[in-house]
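Trainee: Okay, here's what each chain looks like letter by letter:
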Amino acid sequence: MTNTGSGSPDKEPATADQAARMALDNTERAEPTSQQPPERPALGRLFVENLWAANTLTVTVLSLLLAMVVGGILMIVSDPDVLGTYSYFTARPGDALNASWTLVSEAYTNLFKGAILDPDAVGLTAALSPISETLTYTAPLVFTGLSVALAFRGGLFNIGAQGQATMGVIAAGLAGFLLPLPAGLHLLVAVFAGAVGGAVWGFIPGILKARTGAHEVINTIMLNYVAAYFLVWLIVQNGVQDPNRTDAISRPVDASAQLPRLFGDNLRAHAGIILAVLVTWAVAWLLNRSTLGFELRAVGSNPAASRTAGISVTRTYVLIMVFAGALAGLGGSQMVLGTTAAALTPLVVAQIGFDGILVALLGRVKPWGVLLAALLFGALQAGGNRMQSYSGVSLELVTVLQALIVIFIAAPALVKAIFQLRAARAARPQTSLAKGW
Amino acid sequence: MSTMAVDDVAVAPVNEGFWTRNRKAGLVLTALGLLAVLLFTTLATGEPARFTLSEDASGATLKINGTVGAALFGAVALAAGVAILAGLPTRWFTLVLGVGLVGFVVSFLCWQVSTAPAGQNFMPLVNIVRGTFILALPLIFGSLAGVLCERSGVVNVAIEGQLLMGAFSGALFGSLSGNLWVGLIAAAIGGTFISLLLAVFAIRYLVDQVVMGIVLNLLAVGITGFLYERLMQPDPAKYNSAPRFSDWEIPLLSEIPVLGPALFAGNIFLYLGLLLVLVIHIGLFRTRWGLRTRSVGEHPTAADTLGVRVLRLRYRNVLLAGAVAGIGGASYTLALFSFTKNMIGGKGFIALAALIFGRWSPTGALLAALFFGFADQLATYLSAINSAIPSQFLAMLPYLATILAVAGLVGRVRAPAADGKPYIKG
Chain A
0 MTNTGSGSPD KEPATADQAA RMALDNTERA EPTSQQPPER PALGRLFVEN
50 LWAANTLTVT VLSLLLAMVV GGILMIVSDP DVLGTYSYFT ARPGDALNAS
100 WTLVSEAYTN LFKGAILDPD AVGLTAALSP ISETLTYTAP LVFTGLSVAL
150 AFRGGLFNIG AQGQATMGVI AAGLAGFLLP LPAGLHLLVA VFAGAVGGAV
200 WGFIPGILKA RTGAHEVINT IMLNYVAAYF LVWLIVQNGV QDPNRTDAIS
250 RPVDASAQLP RLFGDNLRAH AGIILAVLVT WAVAWLLNRS TLGFELRAVG
300 SNPAASRTAG ISVTRTYVLI MVFAGALAGL GGSQMVLGTT AAALTPLVVA
350 QIGFDGILVA LLGRVKPWGV LLAALLFGAL QAGGNRMQSY SGVSLELVTV
400 LQALIVIFIA APALVKAIFQ LRAARAARPQ TSLAKGW
Chain B
0 MSTMAVDDVA VAPVNEGFWT RNRKAGLVLT ALGLLAVLLF TTLATGEPAR
50 FTLSEDASGA TLKINGTVGA ALFGAVALAA GVAILAGLPT RWFTLVLGVG
100 LVGFVVSFLC WQVSTAPAGQ NFMPLVNIVR GTFILALPLI FGSLAGVLCE
150 RSGVVNVAIE GQLLMGAFSG ALFGSLSGNL WVGLIAAAIG GTFISLLLAV
200 FAIRYLVDQV VMGIVLNLLA VGITGFLYER LMQPDPAKYN SAPRFSDWEI
250 PLLSEIPVLG PALFAGNIFL YLGLLLVLVI HIGLFRTRWG LRTRSVGEHP
300 TAADTLGVRV LRLRYRNVLL AGAVAGIGGA SYTLALFSFT KNMIGGKGFI
350 ALAALIFGRW SPTGALLAAL FFGFADQLAT YLSAINSAIP SQFLAMLPYL
400 ATILAVAGLV GRVRAPAADG KPYIKG
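These protein sequence lines are chains A and B, in that order.
Following numbering that gives the first Met the number 0, the residues of the first sequence are numbered contiguously, the last one being 436.
Following numbering that gives the first Met the number 0, the residues of the second sequence are numbered contiguously, the last one being 425.
There may be inaccurate statements among the hints.
Claimed, not checked - Stretches of chain B that chain A covers, calculated by requiring three or more beta carbons in the stretch to come under 8 Å of a beta carbon on chain A:
(1) 193-207
(2) 227-240
(3) 253-260
(4) 350-364
(5) 384-392
To be verified - Computed beta-carbon distance windows for the label pairs:
(6) A/T108 / B/G282: 52 to 58 Å
(7) A/L180 / B/I423: 54 to 60 Å
(8) B/A383 / A/Q236: 19 to 25 Å
(9) A/L64 / B/S382: 47 to 53 Å
(10) B/I423 / A/T307: 14 to 20 Å
(11) A/W284 / B/I423: 33 to 39 Å
(12) A/V235 / B/G97: 34 to 40 Å
(13) B/L33 / A/V235: 27 to 33 Å
Simulated from the structure, these hints should not be mistaken for lab results.
Each residue gets a CB set at the ideal place from its N, CA and C atoms; glycine is no exception.
Whole structure, please, built from the sequences with the hints as guidance.
Mentor: And the structure:
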């Protein structure tokens with residue numbers, strides 16, 4: 000589905016992946032081994048050589064490493080006790096280094112234990128718990144990440160995934176507790192409502208872009224806030240607010256509209272992650288195999304040429320934003336139909352829209368890449384929770400890590416310079432999606 | 000190496016037949032006028048709508064019957080709208096549009112104030128004007144930061160992060176040193192830090208500027224939130240109790256009714272903000288630096304040919320913008336509140352809206368910021384008098400207004416030509 004395994008990127012038509020590369024990706028995308036002709040000697044040696052070249056995987060791993068180093072420094076600086084040991088650093092450097100190492104390594108160990116595997120866990124439920132948490136956080140991020148990535152490929156920057164997810168959560172939530180429907184159908188209707196809610200919110204900037212040329216970045220930013228205020232207003236209306244509560248919370252979603260849990264009632268992982276994988280596949284198919292996907296990528300690469308070739312740029316822009324909105328809306332629906340929350344609150348959407356932007360960038364705006372990036376972000380989130388409760392390191396560190404990772408992968412040249420990486424074989428001139436307002 | 004920046008094409012040509020932009024605006028204004036005359040007048044009561052020239056119900060008052068006021072000022076809006084529709088000469092357009100909009104707002108206020116519960120049917124103008132300026136302050140600093148950046152061709156979506164970092168470092172270092180001025184300088188440096196990242200990554204590493212801005216906002220939220228929970232929350236006395244600038248009254252000028260107490264009895268940030276608007280306006284349009292900045296933002300290649308060092312100028316302006324926004328952030332923590340997590344809460348994006356709404360000019364940004372500040376203050380006032388209008392809808396106003404503005408319904412909005420496009424000498 001992705002371009003993995005394709006030939007040398009140089010020979011690919013510029014239209015196919017120009018948008019994908021954007022500003023952030025001037026590195027190798029293909030697997031190190033797959034781009035060499037088979038008769039070249041010593042596959043193993045090539046692999047080792049390419050490992051230290053600036054390919055996507057290496058840059059991503061090193062970015063993660065760099066981000067964790069900066070995160071560690073932040074932890075040390077903000078801990079008065081550890082910082083105190085630095086005041087006599089010249090006399091007994093061991094103290095300071097030991098204290099710092101203990102602090103940072105414990106925090107990151109807890110991050111790992113909370114995200115992937117806790118070796119001390121007893122029983123199947125406890126062992127599965129970290130993975131379950133990770134998948135719970137991953138599911139909505141896949142959708143918002145795909146939303147941003149799809150729009151990127153069409154040459155549009157969808158910063159509005161947050162607003163579209165908000166409209167999605169509203170529509171899904173309303174359908175979830177207002178419609179009296181039988182079990183299976185109710186869930187389908189609620190999920191579909193979420194997609195429609197997001198699609199409507201995506202349609203607005205799409206049509207404005209197509210008709211008036213109004214920049215989608217500005218409009219989607221503004222619509223994010225309109226949606227947020229709309230949610231705050233809606234929650235306290237009669238018929239929506241929980242009659243037993245005085246604070247801003249809606250009635251809970253009916254059990255018949257909730258996504259089924261995957262690993263039993265004690266673990267939070269729900270069917271949303273399965274839907275996420277299916278939708279990833281669908282988006283990959285749409286982008287790479289369908290006529291619409293071809294038109295979308297063509298418009299993303301060069302709108303003028305696409306119009307000359309007979310593609311309706313107006314229609315494509317609107318469709319891109321409707322699809323992107325629907326994806327983000329699906330992500331929003333996970334927040335209220337899944338196990339994260341059962342009712343609408345002002346903060347029910349959390350940050351999934353903005354995180355989706357990071358996920359899309361980290362996933363190099365390719366569907367399966369987005370899925371993996373969402374998995375990493377979900378793991379960081381899940382691990383961050385444990386880090387907060389066990390090591391007392393604020394969950395905000397996860398936000399810092401996520402932002403730093405994306406900053407580093409966005410500037411591969413910087414990572415290359417820091418680690419003295421060899422330039423990848425097909426280092427290309429940097430392309431840019433930047434169009435200004 | 001060259002950038003293959005994709006040109007932004009106008010997808011559908013704007014048809015400039017009978018329905019010019021002016022006429023469209025006239026149509027909107029006529030619709031608003033009709034709304035005021037029909038709806039507001041019907042809903043308003045015969046109670047007097049009082050606008051007091053003080054902070055409470057006492058003192059001099061402008062008084063008008065609610066129904067009469069709503070009808071009268073609604074008619075003003077309607078007349079202005081019809082006049083524009085009928086084909087008013089362009090040089091009168093802005094003035095008449097302004098009068099019409101003010102008429103609409105006053106008509107709305109007459110309705111709202113006259114329906115307020117007994118004893119509350121007055122609007123303290125001093126409060127409203129002062130509140131407008133206070134709420135507009137971070138927007139003024141933020142949008143000025145945007146002007147500095149974007150006029151030289153660097154998109155600044157990171158205003159939110161710059162404000163937040165300024166607020167945070169102002170609070171932190173102000174508390175640690177116990178000195179206002181140290182706090183102020185630290186705030187400027189905090190904003191500059193975010194700007195530095197923006198500049199280095201956008202100019203040196205050619206990262207997409209909008210992407211970078213969004214990521215930097217998240218980074219600022221993360222870093223300040225993290226340090227807040229680690230330092231400020233456990234020990235607020237040491238880390239989060241910055242001294243605050245007191246209000247400085249300017250003698251004589253502060254005696255002017257309504258405007259005096261609002262404008263000339265504020266803190267240093269109010270004066271600094273207004274002064275900066277003036278300085279940046281003059282700087283941008285009357286000095287060599289301003290000419291170079293604008294030329295770099297419009298056509299960097301031409302500027303480079305003439306010997307302007309494009310990248311250096313961009314670096315300098317982006318850093319300057321960070322300092323301005325950082326001080327704007329300190330207008331919270333060194334004057335009003337102590338630092339809390341994510342305390343800017345979207346003001347940076349409203350500042351961005353003000354920048355666009357004000358068409359990338361300092362004075363325009365000031366007016367837009369004041370308009371948005373007024374909408375904010377009005378929302379507070381209306382919820383205090385138990386208005387039927389939900390405050391959330393008033394809070395949406397700046398965002399909706401910006402969407403209308405960029406969609407071309409209210410005048411023409413055009414960004415500097417090279418805004419957001421990295422420059423590579425070649």
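Trainee: Now tell me if each hint is right for this structure.
Mentor: Taking the hints in turn, this is what the structure says about them:
1. Restraint check on the region 193-207 of chain B versus chain A: 6 residues with Cβ-Cβ distances below 8 Å, three needed, restraint holds.
2. Restraint check on the region 227-240 of chain B versus chain A: 4 residues with Cβ-Cβ distances below 8 Å, three needed, restraint holds.
3. For the region 253-260 of chain B, the proposed coverage by chain A is not satisfied: 0 residues have a C-beta within less than 8 Å of a C-beta in that chain, short of the threshold of three.
4. Residues of the region 350-364 of chain B with a Cβ under 8 Å from some Cβ of chain A number 3, which satisfies the need for three, so the listed coverage holds.
5. Counting residues of the region 384-392 of chain B whose CB falls under 8 Å from any CB of chain A gives 3; the rule of at least 3 is met.
6. Between A/T108 and B/G282 the beta carbons are some 53 Å apart, a value that agrees with the proposed interval 52 to 58 Å.
7. Take A/L180 and B/I423: their Cβ atoms lie about 58 Å apart, and the range 54 to 60 Å holds.
8. Checked against the hint of 19 to 25 Å, the pair B/A383 and A/Q236 passes, with Cβ atoms roughly 21 Å apart.
9. Between A/L64 and B/S382, the C-beta spacing of about 50 Å keeps the proposed range 47 to 53 Å intact.
10. For B/I423 and A/T307, the Cβ-Cβ distance of about 27 Å falls outside the hinted range of 14 to 20 Å, so the restraint is violated.
11. Taking the beta carbon of each, A/W284 and B/I423 are about 37 Å apart, inside 33 to 39 Å as hinted.
12. The supplied range of 34 to 40 Å is met by A/V235 and B/G97, whose beta-carbon atoms lie about 36 Å from each other.
13. Restraint check, B/L33 to A/V235: a C-beta distance of roughly 31 Å satisfies the suggested window 27 to 33 Å.
The structure fails hints 3 and 10 (numbered hints given earlier, in ascending order).
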